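Visitor: Protein chains in written order, with the numbering used here: chain A, 399 to 541; chain B, 2 to 75.
Hints are not guaranteed to be accurate.
List time: in silico DSSO-like cross-link candidates among lysine-lysine, alpha-carbon distance up to 27 Å [as the list claims (entries may be wrong)]:
| id | chain 1 | residue 1 | chain 2 | residue 2 |
| --- | --- | --- | --- | --- |
| 1 | A | Lys472 | B | Lys70 |
| 2 | A | Lys416 | A | Lys472 |
| 3 | A | Lys472 | A | Lys415 |
| 4 | A | Lys415 | B | Lys70 |
| 5 | B | Lys11 | B | Lys25 |
| 6 | B | Lys42 | B | Lys25 |
| 7 | B | Lys70 | A | Lys416 |
Derived from the structure by calculation, the hints contain no laboratory data. Nothing here was measured: the structure is a model prediction, and the numbers come from that model.
Spelled out from the first residue to the last, the chains are:
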Amino acid sequence: MATFVRFDQFVEDLAEKKHDLGADQLEVALTTHANLPTSSGDSYLADITVISYTNLSARTITTSSSAQTTGTYKLTLTDLVLTASGAVATFRHTVIFNQTQSSPTADGLIGMYDYGGDVTLANLETFTVDFDATNGFIQITSP
Amino acid sequence: MEAKCAPLVKERDALRAEMEPREKRLNALNNALRAITQPRKGRIELELASLNKALSDKVMRAVEADTGKMEVTS
């Protein structure tokens, strides 16, 4: 399982109501290992270098639920299947960002996952971002 | 009786003699056709097997996304 790496700025933006995780459109960005984002230095989509998305299907993520249970908030996302309609540029890291966020800067980075190796997709091949259906994409708790 | 059979036998032998080269030619044609179609069938089967393998080898890649957990402390 790929570890969730949170972008530091996300915590502040969340606290300062820059995100509405129940309503905003989340999206996936793809990067190479050479352009690996850093959780402390990169905060918004414009900070990172993404691959060309030519021949790749839509990268928007569907939110399944955004709710709390006994004080634990959970954001659950539907698995995203990216399908190639031709050769797609090599990538390795999957970055989740808020496509709706506009302030203080657009497209706030939330977290990222490392596939562990380069991915190249040929025509009709797929790459799935398999979100945890039980525990969700993120949880916020308070002891 | 011999006189009655003789022309029939003669006609039968003539027919047999006439048919023999045709049968040989028929067999030769069948063999030639088989020589053309069988390797082609074999090639098609090999291509199919190769395509099937390529399909089954096609990696359905996925990243299993772990849950990001944040704690609000006070």
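Visitor: Holds or violated: Lys472 (chain A) and Lys70 (chain B), Cα atoms, limit 27 Å.
Guide: Judged against 27 Å, a Cα distance of about 9 Å means the pair holds.
Visitor: Would you mind confirming whether the straight-line C-alpha gap from Lys11 (chain B) to Lys25 (chain B) stays at or under 27 Å?
Guide: holds (22 Å)
Visitor: Within a Cα-Cα threshold of 27 Å, do Lys42 (chain B) and Lys25 (chain B) meet the stated pairing?
Guide: holds (25 Å)
Visitor: Assess, step by step, whether the Cα of Lys472 (chain A) is no farther than 27 Å from the Cα of Lys415 (chain A), and give holds or violated.
Guide: Answer holds: Lys472 (chain A) to Lys415 (chain A) is near 17 Å, not above 27 Å.
Visitor: What's the verdict on Lys416 (chain A) and Lys472 (chain A), does the C-alpha distance respect the 27 Å limit or exceed it?
Guide: With Cα atoms ~18 Å apart, Lys416 (chain A) and Lys472 (chain A) stay inside 27 Å; holds.
Visitor: Are Lys70 (chain B) and Lys416 (chain A) close enough, with their CA atoms no more than 27 Å apart?
Guide: holds (19 Å)
Visitor: Just to be careful, I want the Cα atoms of Lys415 (chain A) and Lys70 (chain B) compared with a cutoff of 27 Å; is the pair within it?
Guide: holds (19 Å)
Hint violations for this structure: none, all hints satisfied.
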